[in-house]
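Engineer: Protein chains in written order, with this note's numbering: chain A, 1 to 268; chain B, 1001 to 1262.
Hint data in this document are derived by calculation from the structure and do not stem from the laboratory.
Keep in mind that the hints are not guaranteed to be accurate.
Think about it this way: if two alpha-carbon atoms lie no more than 30 Å apart in a straight line, the pair counts; the simulated DSS-like pairs of lysine-lysine are [to be verified]:
(1) 185(A) x 1034(B)
(2) 182(A) x 1182(B)
(3) 143(A) x 1224(B)
(4) 186(A) x 1224(B)
(5) 185(A) x 1224(B)
(6) 1034(B) x 182(A)
Among the chain B residues that face chain A by a calculated CB cut under 10 Å, a handful are [stated by the list, open to error]:
(7) 1170
(8) 1224
(9) 1226
(10) 1230
Given the structure is predicted, the values throughout are model-derived calculations rather than measurements.
Glycine is no exception: its CB is placed at the ideal position from the N, C-alpha and C atoms.
One-letter residues, chain by chain:
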Amino acid sequence: MDWNKTKTIFIIVFSILNVFLFSLYLNRYNEDLGVKVLSSVAPIEDRLLLDNIKIPKIENTIQDASYVSGNVHMFTSEELDTLEHQIVELKNGYSVKAIFDEPIEITEENTVEKILKENILKSDSYKLWEVDEDSNTATFFQKVNGRLVYFNQNAKVTLYWNDENEVVRYEQTILDNLEDYKESKKLLPQLQAIEALHNSALLKPNAKVKAIELGYSTLVQLTETQVFAPTWKVQVKLEDGTLEEYFVNAVEGRIIEIPKEVEQASLR
Amino acid sequence: MKFSVLASGSSGNATYIENDEHSFLVDVGLSGKKMDELFSEIEREIRKLTGIFITHEHSDHIKGLGVIARKYGIPIYANEKTWMAIDPLIGKVPTDQRFQFDMETVKSFGSIDIQSFGVSHDAVDPMFYVFHENGRKLVLITDTGYVSDRMKGYIKGADAFVFESNHDVSMLQMGRYPWSVKRRILSDVGHVSNEDAAVAMSEVVDLKNTHIYLSHLSKDNNMKDLARMSVTQTLQSCGIVTGEYVHLHDTDANRATELVLV
Chain A
1 MDWNKTKTIF
11 IIVFSILNVF
21 LFSLYLNRYN
31 EDLGVKVLSS
41 VAPIEDRLLL
51 DNIKIPKIEN
61 TIQDASYVSG
71 NVHMFTSEEL
81 DTLEHQIVEL
91 KNGYSVKAIF
101 DEPIEITEEN
111 TVEKILKENI
121 LKSDSYKLWE
131 VDEDSNTATF
141 FQKVNGRLVY
151 FNQNAKVTLY
161 WNDENEVVRY
171 EQTILDNLED
181 YKESKKLLPQ
191 LQAIEALHNS
201 ALLKPNAKVK
211 AIELGYSTLV
221 QLTETQVFAP
231 TWKVQVKLED
241 GTLEEYFVNA
251 VEGRIIEIPK
261 EVEQASLR
Chain B
1001 MKFSVLASGS
1011 SGNATYIEND
1021 EHSFLVDVGL
1031 SGKKMDELFS
1041 EIEREIRKLT
1051 GIFITHEHSD
1061 HIKGLGVIAR
1071 KYGIPIYANE
1081 KTWMAIDPLI
1091 GKVPTDQRFQ
1101 FDMETVKSFG
1111 SIDIQSFGVS
1121 HDAVDPMFYV
1131 FHENGRKLVL
1141 ITDTGYVSDR
1151 MKGYIKGADA
1161 FVFESNHDVS
1171 MLQMGRYPWS
1181 VKRRILSDVG
1191 HVSNEDAAVA
1201 MSEVVDLKNT
1211 HIYLSHLSKD
1221 NNMKDLARMS
1231 VTQTLQSCGI
1241 VTGEYVHLHD
1251 TDANRATELV
1261 LV
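Take the sequences, apply the hints, and build the full model.
Structural biologist: Below you can see the structure in the form of structure tokens.
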């Protein structure tokens, strides 16, 4: 065996292999340089466009808001005595359960809002959240500073009706001693709330953000008091027409996951 | 004896204490410029300080220490391990300004006795101080994961407390801090929550006028109103009604509290 010849062949073969591997490395490196990482570079508007997600016109008119604290209202017998034509039961001092002497028909004129207004204590404090035709219920959430408190079991009214479309009973809780915290907080722009949802893959392609509203979500429950954080509610219409709602803490930008059981309990 | 919490929070801590003869600073957690501003707020001068007492080596307690101590030649007091930890962080301090103050000992400056006691925090040898003068007692206790019975023994019956009320547990748990940081804060060597602080307060306040300054509030996991509300309600559940003889006060990360008599 000619050792010198073998050595030369080895050197040539490995040199060619090295050149080939280096060219492969260079190609890949140059490709990586050329790829634009859209998720971290492109503005949110471009990324939404890429996923065909439509958003409404954003007007950042609300820029500051305070945290709010409040206590669960304990109903007094004097208050309950003012309720007419209904049998009222008070549970644990804070939850009113009432049955109307005569069912009240829901019509185009006599809406659930009107029935609430005419028959329930402090009715001005609530705003309609949802009408569920399947379970024959309408849920109203309490307003604080004109904004809704989302899914708090101590700040809602539920009307129940029968198959004849007549409201037969309701349940009510309410917060009182509502106070703004002294320190007003700068709010996250609405677009950043959308961005937080998009970054978490909660906004699906071809969806349409229908509305963004400011409300409050429960932040802390102390022994007597609850504290509420300013919260963006983002309503999204999916490609199949389904409506979904997401909640983003408007101060920190954290996505608030409302547990299913809390959501269900609040809507009953 | 008078005192003012010049600044309190994770961005910097400093408390000023004085009597007719002496004036002290506990921690210098802000820049020299900011310390100047805070001293102007209470109409005092840094250069007149008798001494600076250091609690531990974390930057929110020593940030301006080197600059101020060198500029004004003020003596610094810390325990041995803390000295070793802060030495590389604060630059050169002349030997005649370096004094050792061992844990659980007392140093006297005229009519003021200053007592050190250990706390549970993730520093080399953290300790805080109790100032005594003519039967009046001022306690500084922040940066501790819990308040032990031993600590309660030192601080019980004070007339004024600068008491940590760091975070609301739910806010911390729901917040965006990484899990490792949350675990550290909630641990025995982290910081005390509003509720835990209030429970400890309920065990150390005597039936006399007591002023409690809620301190070292987390910027992200607490709010002044929330801390006050939470402490008030927890104290109430322990049978103490605030406003009767226990009075709560806020502190601020950037503004000095009024210089008040203990």
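Engineer: Next, verify each hint and record whether it holds.
Structural biologist: Outcome of the hint check:
About 24 Å separates the Cα atoms of residue 185(A) and residue 1034(B), which keeps this hinted pair within 30 Å; it holds. Taking the CA atoms of residue 182(A) and residue 1182(B), the gap is near 27 Å; set against the 30 Å cutoff, the hint holds. Proposed proximity of residue 143(A) and residue 1224(B) is supported: the alpha carbons are some 24 Å apart, at most 30 Å. A distance of roughly 16 Å separates the Cα atoms of residue 186(A) and residue 1224(B); the hinted pair therefore holds under the 30 Å criterion.
Pair hint residue 185(A) plus residue 1224(B) holds up; C-alpha atoms about 13 Å apart against a cutoff of 30 Å. For the hint linking residue 1034(B) to residue 182(A), the alpha-carbon distance of about 25 Å falls within 30 Å, and the restraint holds. With 10 Å as the threshold, the beta carbon of residue 1170(B) comes within range of chain A, its nearest partner Cβ sitting at about 5 Å, so the hint holds. Hint status for residue 1224(B) relative to chain A: holds, with the closest Cβ pair at about 7 Å, below 10 Å.
The beta carbon of residue 1226(B) is positioned within 10 Å of a beta carbon in chain A (closest approach about 6 Å), and the interface hint is therefore held. Given the 10 Å rule on beta carbons, the hint for residue 1230(B) holds: about 5 Å separates it from the nearest Cβ of chain A.
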